Amino acid sequence: MITAAETQSGLPRAPLGEWVEAFVSWVTSTFAWLFDLVKSVLTWLFDQLDTVLSGPPFWVIALVLAGLALWARGWKLGLGAFIGFAVIDMVGQWGNAMDTLALVIIASAIALLIAIPLGIWAARNDSVSQLLRPVLDFMQTMPAFVYLIPTVVIFLTGEVPGIVATVIFALAPGVRFTELGIRQVDREVVEAGHAFGATEGRIMRQIQLPLALPTIMAGINQVIMLSLSMVVIAGMVGAVGLGSDVVRALQRVNISLGFEAGLAVVILAMFLDRVTSALGDRAPVAKALKATAA
Amino acid sequence: MTVGPGVTTQQDPHQAGRTDAAAGQAAPSDSDQGAQDSLLTKTTGTTTGTEGTPAVQVENVYKIFGRRSGEAARKLKAGASRADVASLGTAAVIDASFEVAKGEIFVVMGLSGSGKSTLIRMLNGLWKPTSGTVRLGGQDINAVGAKKLRDIRQKSVSMVFQHFALLPHRTVLDNAAYPLEIQGVDKASRLERARTALDLVGLTDWADKLPSQLSGGMRQRVGLARALAADTDVLLMDEAFSALDPLIRREMQEQLVELQSKLGKTIIFITHDLNEAMFLGDRIAVMRDGRIVQIGSSEEILSDPANDYVAQFVADVDRTRVLTASSLMHRPRAVVPMSAGPRGASRTMREAQVSAAYVVDRSRTLRGVVYDAEVVDALRAGVTSLEGLVRDDLTAVTEDTSLAEVFAPAAESPLPVPVTDAAGRLVGVIPRVVLLEAMVPQHLEETTDETSTQDSADDDTVASAAVEQAPTSAGAADAVAAEPVPADPSEQTTGEHP
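Listed in order, the protein sequences are those of chains A and B.
Residue numbering for the first sequence follows this note's numbering, beginning at 1 and increasing consecutively.
Residue numbering for the second sequence follows this note's numbering, beginning at 1 and increasing consecutively.
I should point out that these hints are in silico values taken from the structure, not numbers from a laboratory.
Don't take every hint at face value.
As the list claims (entries may be wrong) - Dumping the calculated DSSO-like pairs for lysine-lysine here, alpha-carbon to alpha-carbon at most 30 Å: (1) K262(B) - K209(B); (2) K209(B) - K287(A); (3) K290(A) - K187(B); (4) K128(B) - K147(B); (5) K287(A) - K187(B); (6) K290(A) - K77(B); (7) K290(A) - K39(A); (8) K209(B) - K155(B); (9) K77(B) - K128(B).
None of these values were measured; they are calculated from a predicted model.
From just these sequences and the hints, can you work out the full model?
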C-alpha cells in the first residue's frame, strides 16, 4: 500500500532494487568460499605484477616500455612514449601509473580470456549470439560505477573489487569484436577450407582466427582502453593507482593534483592505445593486405 | 517442368560414346609426360582403374532453403511451381538430374539466382540436398558421416572459387599446398607437389609472393593450382573466371582446356556466360529458376533449343566460334571421280546444273575442282583425262574448323567451301548462303523468314539451292558472287528437282 503510492501511475511499486540486493547478499553468503578464492588469486596476481612494474627504478621500466613501443611501431612512438613516461614521473605520478598499469593488464587479460572464447562461440552459434547481445548491451550501458556496488559488497574495498568491476565493464567489446571479426571472414575462404576437407578446428585456427585477427586486435584495444577508464573509477572503492589521486583531487577540489593525475592517465592511455593498435597492424593478414600497396 | 530426368537419359547414350573416346585420347598423352610428373601419372592410374561409373551422378536433387523445406519439396514433386512454394521456402534447385562422365567438362549455365551455385555446392556436400542423391564415383556423399565426407573432399573432389578464396597471409606456394596440408602430407613433399601444380599453371616464379601481390588472373591460377595440387579426379569450378577481365578470361579458358586434355580431370564448371559455356563445355546444362531446362552439347543447344528461354539466351551467342564446319556441311552434289574424265565431269555438271565440280580420287580424297568452260574446251580438243584440268585454287576446311575460320575461304571462292575429314577425304560442302544463314539468330529467323529455318534443318534443299545458283551463267565465279539469293530458295529447288 505504501509502496504503491510512490509511483506516478498508481501501479504498484516494483521492488527490483530490493530483489537485486537480496540476490547479491544470497550470492555473497552462498559463494563466500569462491569469492575468497577469487580474491586471494587476484590479490596475489596484482602483487606479483605490481612488484615487477613498481619494483625496479624508473629508468628500467620506462626504457623497457619505450622499447616495446619502438618494436611495435618505430622510433617515433618509442621516443614519444619515453618522453611521456618522463612527464608522468616529473609530476610525481610514476608509482601510481605503474599500479594502474598493473590493474589494467590483469583486468584486460582476464576480460580477454573470457571474451574471446565467448566471441568465438557466438560467431559459431546464432542462438548464443542472440542470447549474448542483450547481456552485452546491458553490460556496456550500465553506468560504470554501478558495478562497483555489488563488487564492494562481495569483495569489500581495495584492488580486487576494482579488477572484478573492470573485467565486467570491459568484457563487451572483446566479445563483440571477436564475433564480428569471425563472422566477417570471407565466406568463400571458409568454404574453401570445407571443400578441401578441413576439420572445423583447423578452419577456426588456420582460416577464421587469422583472418579475423585485425578485428580481434581492435577489440583487444577497446578492452584495454575501457579497462583503463574503469580502473581509474575504481579509485572510488579504494583501488590503488592514478584513480585514487583523481578521487582525492575531486573530494578536495584540488585542481593541480587532479590535472597531474589526469595527465598521467591520458599519457598512459595514449601509450596503450598506440602500442596495441600497432600490434594489430603487425598481424600477418594485416601485413599481407598492406603488401598490395607496396 | 517439362524437362527433368528425361533429358538426361535421352542424352546419355550419345554422350557415353563421346567421352569414352575423349578419355581414350587423353590417356596416351598422359603417359608420355607421366615420368616427369607425379600428378599426371597418378591421375591416369585412377581414371583407368574405375572406368565405367560416371564421375558424378545427380538424381532428382532438390534444394529448398527455409524452415519448411521438406514440405516444399513434396509439393514441388507433386507438381507445384516455384512460386507456389515460395511461402514455405526458397526453391534453389528443383529436380536436377544429370551424369558427368570421367574426363568430361560439364558446364552448368544460368543467370544469377538460377540455382547453379547451390547445385555445385551439393556436389561436394557443402550443401545437403533437401531430397535426391548425389554420387561421386558411385559413393552417395550424403549417406556418409562427417569424417568420411572430409575424406571424400580431400581425395575425390576439389573446388575453384569465383573470388579465388586464397588465404591472404600465406604465400602462393603455401596456398597451393594447403589441401595437402589438410591431408596431412609432410611438408617437403607437399611443397614439391604444390610447386608442380604451380608449374602447370605457369606461376613457378611467383611461389614466394603473397596473393595480394598478384593480379586477378594470377590469383585464380593459384586457386586452380591449389585444386590441382589436391589431385582429385573431379574439379568443381564456381564462376571461376567470372571475376576476371575478358582478355584474361579467354586466356584462362584456353589454359583450362589445355590442362584438362593433359590431366584428364572431370570438370564441372559453373558460369553465367554462354560464350564461356560454349567454349568449355563438352555438354552444357542450362538452368532457369532452379530447374535444368536443357542438357546437350553446345551445338545441340544452339541449333535445337528446348524452349523459348534457351532460344533467347543463345540468341546473342557468337555462333561462329561455337558451331563447327561439320554442323553446317551438306552433301556435295557435283562430285566427279578422277577416272570419270571430261565427259563424266560435264555430265555431272549438267545433271546437277552447276558450273563447277569437285574432283576426288579413288579414296574420295579431294583433289581439286574443274570448271565447265574448261571441261567443254577439253572435250572439243579430245582430251580424255581430267589430270590437266583440275585446279586446286579453293581452300578446304576440316570438320572441326570453327565457322569463324570458314569465312575467309568462303569469301575467296564462289563455290561452296569443301569440308574434309582428317584424312583429306571430301565429306561435305558449306554453301555460302548456309554460312550466312547460320549467323542469323534463331528467333529472328522465325519472325522474318519462316522458310530459312526449315532449310537449315534440311540438308538437301539448301545444298542444292546454293550450288545451283552458279549454273545460270557461264562465268560461274562472277555469277555466284553477284547473283542475289533467291527470296525462297526451297521453292525453287523443289520445283526443279522433284
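Checklist entry - So which of the earlier hints does this model not fit? => result Those not satisfied are hints 6, 7.
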